[in-house]
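Student: Single-letter residue listing:
2 protein chains.
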Amino acid sequence: MKLQTQPYKGSRDFYPIDKRLRDYIFKNWITVAERYGYESYDAPIIEPTELYRAKSGDELVGKEMYSFTDRAGRDVSIRPEMTPSVARMIAARRQEIPFPARWYSIPNLWRYQRPQRGRLREHWQLNLDIFGVKTIDAELELILLVNDIMRSFGANQKMYDIRINSRKLTALIMAEYLELDSVQSHLMIKLLDRMRKLSKDVFESEAAAIFDETNKKQGISRLKKLTSARSMGDLPEGLLSSPPIKQIQLLFTHLKENHVNNAHFDFSLVRGLDYYTDIVFEVFDLHPENNRSMFGGGRYDSLVGMFGVESIPTVGFGMGDVTVLNFIESHGLLPELYSPTDIYVISVGDVLRQSQGIAGILREEGVNVAVDISGRKLEKQIQTAVKNNIPYALFVGDKELSEERFTLKHLPSETSHKMSLARVVSTVSDYRNPSN
Amino acid sequence: MKLQTQPYKGSRDFYPIDKRLRDYIFKNWITVAERYGYESYDAPIIEPTELYRAKSGDELVGKEMYSFTDRAGRDVSIRPEMTPSVARMIAARRQEIPFPARWYSIPNLWRYQRPQRGRLREHWQLNLDIFGVKTIDAELELILLVNDIMRSFGANQKMYDIRINSRKLTALIMAEYLELDSVQSHLMIKLLDRMRKLSKDVFESEAAAIFDETNKKQGISRLKKLTSARSMGDLPEGLLSSPPIKQIQLLFTHLKENHVNNAHFDFSLVRGLDYYTDIVFEVFDLHPENNRSMFGGGRYDSLVGMFGVESIPTVGFGMGDVTVLNFIESHGLLPELYSPTDIYVISVGDVLRQSQGIAGILREEGVNVAVDISGRKLEKQIQTAVKNNIPYALFVGDKELSEERFTLKHLPSETSHKMSLARVVSTVSDYRNPSN
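Each protein sequence line maps, in turn, to chains A and B. Take 11 as the starting number for the first sequence in this note's numbering and just add one per residue. Take 11 as the starting number for the second sequence in this note's numbering and just add one per residue.
Only chain A is shown next, with the shape it has when bound in the complex:
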């Protein structure tokens, strides 16, 4: 039987050309996260399954996880998300960690699901959290940071918006405005979470089924008012003076001061995961052909407590590489990405040993240099450099060696100049760091 060469279903091979794009996404994530003072951490990709059972819904544990038993009988899983791992790590060193702690990670995550656009079985996700801050300054910082990440990909504020709600406000609305008990509230929140995927009729009939008979008419009417609210000002007056609304308003004020003009209140935003406790937010792609929630986050103040230590106020978000890739493709923001190799050294005649020497000199100066050691014809060697999107070719032959001047060809523009090695170094360095 011949071995298959395709990767496992729903996962990806990253050939160098694909990896450049992933590296570009990661680099923007890392640059902005560190710009805001976040530090990188990591955890093992295998965790005890009970870590997820304790936190997530049964659906995730039952159907969507890669779980198995190890050779010693431990029930383990490949992580479907990073939050339980980071909560575990924080809980383990609750006393030693200096707070506020700003942490980020870019884990590889796996979910057993039907692969579709924007959703594979494996993806990479920026996870970023701030631990130990009770005030809205934490949410403000994370949304500004998200905005800077979007900017780093070349996005402007017309390409996406940021939708904000509060779990506390949702709870207040469920109990006091819609007059639902806790079981009904839970059902209603689950329904709202699916609202965008349902027709208006289906949504309304499912909603009607949740209310008591005595409460149904008033409930449906009030629910319609809420779902049609386009800003907080459209909310009923009784709610407008509530503490959760005051918090959201404060957040909007600060966002505007910081020139974030694409943030909106969205009553229907609840986010599926159960652990959020206060402000939640999502970032939406506004492209007509890719209109969708891209990613989001919020405040979850009690997760660390699940490990039997004192809780820590936490705000965090996750942002996947597949989603970002779809976004930058839809909006025409894909950059031209060159090889990290600066120079491809091509030997003209039998001078390979000398070419390797020249490469050694250039490397000591910090230039990334590949030498063609295939012994093939000149034309083939040049083709390899062009196909790999290497910006420069350097030609080494007897004449060049005796003159100590070499032809450096800029491959994209097909322009060549003869120069000393020192000049080669400065030319390539200028190309790599145009701002210097």
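The hints are simulated quantities; they were obtained by calculation from the structure and are not laboratory data. Note that the structure is a prediction, hence the values are computed from the model and not measured. Take the hints with a grain of salt, since some may be wrong.
Claimed, not checked - Per label pair, the in silico range of CB-to-CB distance:
hint, chain 1, residue 1, chain 2, residue 2, range
1, A, 396, B, 443, 55 to 61 Å
2, A, 73, B, 128, 35 to 41 Å
3, B, 162, A, 200, 52 to 58 Å
4, B, 387, A, 73, 20 to 26 Å
5, B, 83, A, 444, 51 to 57 Å
6, B, 439, A, 73, 47 to 53 Å
7, A, 27, B, 166, 36 to 42 Å
The beta-carbon is built from N, C-alpha and C at its ideal position, and this holds for glycine as well.
We have chain A; now place chain B onto it with these hints.
Tutor: Here is chain B on its own, set in the frame of chain A:
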């Protein structure tokens, strides 16, 4: 039941302080790999189990792998090594890839084994290969590259050596000098691979059992000659003129030309994995308390062929993070690692909003800035910066804001200066890039 906070057995949590060290190792790997023109790739951490069964010994598949059945009944494994994946990727695009192809990756790998010093269940490993070069230039390049990686960690050539052998030479010795048949040869190679772990007596009695009775006396005597050979010159004359020896000699000549003076011939070096076909090499730690093989590689010209496509000459090696960490710890090469955060902004009085504004200005200039938004006392804020090994603290208060001059404190030396924001930017930039 309370959830456990420790990571899965034999795996590691990387807290920011640990992750800095891992990032330091990765950064050196990446810098040197790209200096030689290698490009990064990646593959999924889950592969079909048959990929390993086809290539590796049964021992690995049977006992040491994390294998399980997915929900559709596929037999899959978490990768224990990267080579089968990269061979699969190369085979899949055999026709399109421009050769020679220089590829590297830093995969996370898992083996089910008893955790011990230098061997965990999971580790990260630099995998680097050159595809499409038949000549010894490929081996030369990889050994020079390995040497530059060791240098990047501050190692000198007295701290380690490079041991070199050839599978072709081993085959020749087995068949013609020791006069073993193919079954005996296989047993002898397995025995040599374990030689360093056995006492001299045990080695000799196990070796004696491999020879035929008629051949035993001569065989043992010749084997002793071989194992006591300290250089190629000690080998029997008949072997010295064989083509594999000529190849090894050529490699040594080129290594010396490139100032690699710590490479030696080692007849006993065979390396466990079955797929090597010619030159093999290993790097040994010479530290008296850590004397061991650290990592190695070699030529494997037929692996890609297992996918039913034409074979490609390949030379590669793998180098693990745990091994490197043990090496740099043993030799006192651990660097002082600071936070990627340049400045911790501390508010003196009720000026948080203004502090956030200052941070925004500095970030636009490329400075990594965290603002303490905890609302705690000054002393607590400074402590957080010190504990996180952040190099600078910047103090913002009403006086500073009106004067537009701020106190920048270098925390390791506890020296402070008052300066403009422009000066803050240049001070921190000089600190980050001392060479500019």
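Student: Work down the list of hints and note, for each, if the structure agrees.
Tutor: Now the hints, each set against the structure:
With their beta carbons about 33 Å apart, residue 396(A) and residue 443(B) fall outside the hinted range of 55 to 61 Å. The hinted window of 35 to 41 Å between residue 73(A) and residue 128(B) holds, with their beta carbons roughly 39 Å apart. For the pair residue 162(B) and residue 200(A), the beta carbons lie near 54 Å from each other, so the given range of 52 to 58 Å is met. In this structure the supplied range 20 to 26 Å is violated for residue 387(B) paired with residue 73(A), their Cβ-Cβ distance being about 49 Å.
Judged by the Cβ atoms, the range 51 to 57 Å given for residue 83(B) and residue 444(A) holds: they are separated by roughly 54 Å. Range check, residue 439(B) to residue 73(A): Cβ separation about 51 Å, and the 47 to 53 Å hint holds. Our hint of 36 to 42 Å for residue 27(A) and residue 166(B) holds, since their Cβ atoms are close to 38 Å apart.
When held up to the earlier numbered hints, the structure conflicts with 1, 4 and fits the remainder.
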